[in-house]
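Q: Take a look at the letters that make up each chain.
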Amino acid sequence: MPTLTYRDALNQALREEMQRDPDVFLMGEEVGVYQGAYKVSRGLLEEFGPTRIVDTPIAELGFAGIGVGAAMAGLRPVIEFMTWNFALLALDQIVNAAAKMQYMSGGQFRMPMVFRGPNGAALQLGAQHSQAWESWLAHIPGLKVVAPATPADAKGLLKSAIRDDNPVIVLEGEMLYNLKGEVPDGEHLVPIGQAEVKRPGADVTLICHSKTVSVALKAAEQLAAQDVSAEVLDLRSLRPMDESAILTSVVKTNRCVVVEEGWPFCGIGAQVVDIVQRDAFDHLDAPVLRVTQADVPMPYNKQLERAAKASPEKVVAAARRVLYLD
Amino acid sequence: MATTIPTAPATDVSVELRRAMLRQMLLIRRFEEKAAEAYALGKIGGFCHLYIGQEAVAVGVSAALRDDDYVIASYREHGQALARGVAASAVMAELFGKATGCSGGKGGSMHIFDRSRGFMGGHGIVGGHLPLAAGIGFAIRYRGGDQVCACFFGDAAVNIGAFHEALNMSSVYRTPVIYVCENNKYGMGTAFERVAAVTDVAEHACSYDMAAELVNGMDVLEVYGAAQRAVARARRHGHPTLLEVRTYRFMGHSMSDPTHGVYRTKEEVEEEKRRDPIVRLASQLQAEGALDRAAYDTLDAEVLAEAEAAVHFAEESPDPGPEQLAAHVLAE
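These protein sequence lines map, in sequence, to chains A and B. Residue 1 is where the first sequence starts when you use my numbering, and the numbers rise one by one after that. Residue 1 is where the second sequence starts when you use my numbering, and the numbers rise one by one after that.
Derived by calculation from the structure, the hints in this document are not laboratory data. Careful: at least some of the hints might be erroneous.
[Claimed, not checked] Pairwise CB distance ranges (calculated):
id, chain 1, residue 1, chain 2, residue 2, range
1, B, V172, A, Y300, 33 to 39 Å
2, A, D295, B, G42, 44 to 50 Å
3, A, A127, B, D67, 51 to 57 Å
4, A, Q303, B, A326, 44 to 50 Å
5, B, A331, A, T51, 22 to 28 Å
6, B, A326, A, A286, 32 to 38 Å
[Claimed, not checked] Partner residues are not named here, just some residues of chain A that face chain B (Cβ under 10 Å, in silico):
id, residue
7, L44
8, V54
9, T56
10, A73
11, K100
12, Y103
13, Q108
14, F109
15, G142
16, K180
The C-beta atom is built at its ideal place from N, Cα and C for all residues, glycine as well.
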């Protein structure tokens with residue numbers, strides 16, 4: 001199986017879906033001539049031309065709305081945000097238009113479209129450029145939300161998202177674009193709504209997604225050295241969330257730590273905890289703990305930034321607490 | 001180079017078409033009066049924004065469109081839906097929230113949709129649907145079609161960023177959209193001139209290299225003429241146009257707003273009512289001998305019966321079943 005970066009896996013998904021369906025087009029800032037702010041769209045302008053690879057002004061609300069209108073008229077837009085931080089300006093179009101159009105039209109207008117771009121903190125980009133938006137977006141009925149952690153999942157989930165008849169939010173890990181991994185050639189679809197065990201284990205379940213999958217995997221390695229067998233469950237999709245995969249793992253391990261890049265209050269982990277306490281209450285041997293970003297805007301200083309982020313060490317500490325080892 | 005073209009009413013409009021326009025304007029008027037009655041009786045809930053006074057805008061623009069064109073509008077959109085040929089019964093049933101409503105009772109007054117008529121919705125966030133119009137135009141161009149999209153919005157939308165982003169991108173991408181600003185002088189209770197640095201909306205087109213016309217919205221033939229020219233530019237060349245149509249609403253902003261309120265005087269409203277677009281067209285036809293009093297009365301009786309039948313249909317229609325609560329959140 002070929003080894004690709006996460007960036008090139010996304011590029012392959014876009015290329016294959018654009019070859020497959022002439023109604024698919026990519027629109028966003030710097031996607032064409034510049035070849036993508038993160039080079040996800042490299043080479044696509046040359047292959048598909050400016051009608052289908054559309055550079056935009058810096059006007060997130062405007063071009064997100066163009067995507068919604070084009071989807072109403074039957075196309076399959078892929079709207080790229082340079083980062084999800086800028087998508088906040090387009091939230092009216094995502095929430096009030098894309099997510100609700102099917103419902104408030106009584107099912108007359110489907111919304112076969114994708115909003116995608118990098119999400120989560122990178123390195124020392126400061127408060128306005130270092131945020132994870134998943135709990136905001138997963139809150140909204142009418143949207144699907146996916147957050148791939150590996151190159152193979154990035155390709156498979158983006159392809160599924162483009163073929164879906166609903167608005168799908170694809171959250172790409174800003175720190176994952178250079179991550180390498182094996183990616184199946186050609187037709188490779190990861191169904192939306194299916195979590196995956198990235199590392200099997202018996203003593204504690206570490207539930208994670210996107211960048212925190214690598215954080216949890218590192219923590220699992222450190223825990224293995226301490227004779228603790230951790231299972232790493234990658235949610236992959238946040239809405240719909242794979243409740244049965246969560247319950248299967250927690251019923252097996254009886255202990256759970258949820259790891260995410262976002263802030264703690266009303267975060268994705270809070271939703272996971274709701275599922276676990278509701279449907280696996282009698283299987284729990286300890287309260288579920290969460291590892292999140294500190295509940296502060298992201299500081300610029302390198303040491304402070306590190307202190308704010310979820311880390312393998314924090315996950316190990318939480319896992320040891322739910323195992324009553326400390 | 002943007003051009004503001006001196007406007008002119010359409011000439012040589014057949015008696016037949018003018019009678020059809022008169023009928024549509026009267027239908028909208030009677031429909032809205034019936035909606036107001038039903039609202040007062042508690043049969044229509046939520047927000048309800050009536051179109052009385054502005055009928056010539058929807059009718060004049062719609063007359064210039066083809067069946068395969070698109071229309072998108074704000075939340076004051078009953079008139080545009082009727083002018084587009086959406087059945088009065090389906091619109092009224094939607095106001096009543098019934099299963100037979102054009103949006104299945106799940107949209108309401110502000111969210112009228114009819115895909116079969118290319119009616120792409122009533123949208124409730126001021127200005128939010130202007131980028132959608134640009135997107136519909138983008139899709140037309142993407143497919144190489146020669147349809148156009150007419151987008152209706154009020155003067156208040158001009159002050160929101162979405163207006164400027166949509167017009168800019170429409171011009172950059174050459175999308176065949178007719179932006180129809182229905183300038184009725186007030187955004188809810190705030191006079192446009194109190195909150196807009198540039199009060200001639202048409203002038204904004206210069207910033208976006210777009211053609212524009214300033215149109216008397218109380219004359220349906222003037223609206224029709226301007227719309228025809230805009231449609232031709234869009235259909236032949238893909239160029240968008242901004243039409244500033246000066247009009248006036250004879251009722252309050254919504255059903256919760258008294259007819260003239262504290263932000264405008266009774267005298268002003270009465271003065272504007274003298275420019276009633278229905279009276280104007282009817283008088284013109286009568287002066288030409290193309291419509292006598294009896295024919296007008298017959299026409300009025302017909303549309304009143306249609307509006308009453310729509311109310312009856314809505315009243316007799318069932319509510320959506322409980323299974324509809326969770327239906328259409330996502331496509332299956």
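Q: Hints broken by the structure, by number, lowest first?
A: As far as the earlier hints go, 7 and 16 are violated by this structure, in ascending order.
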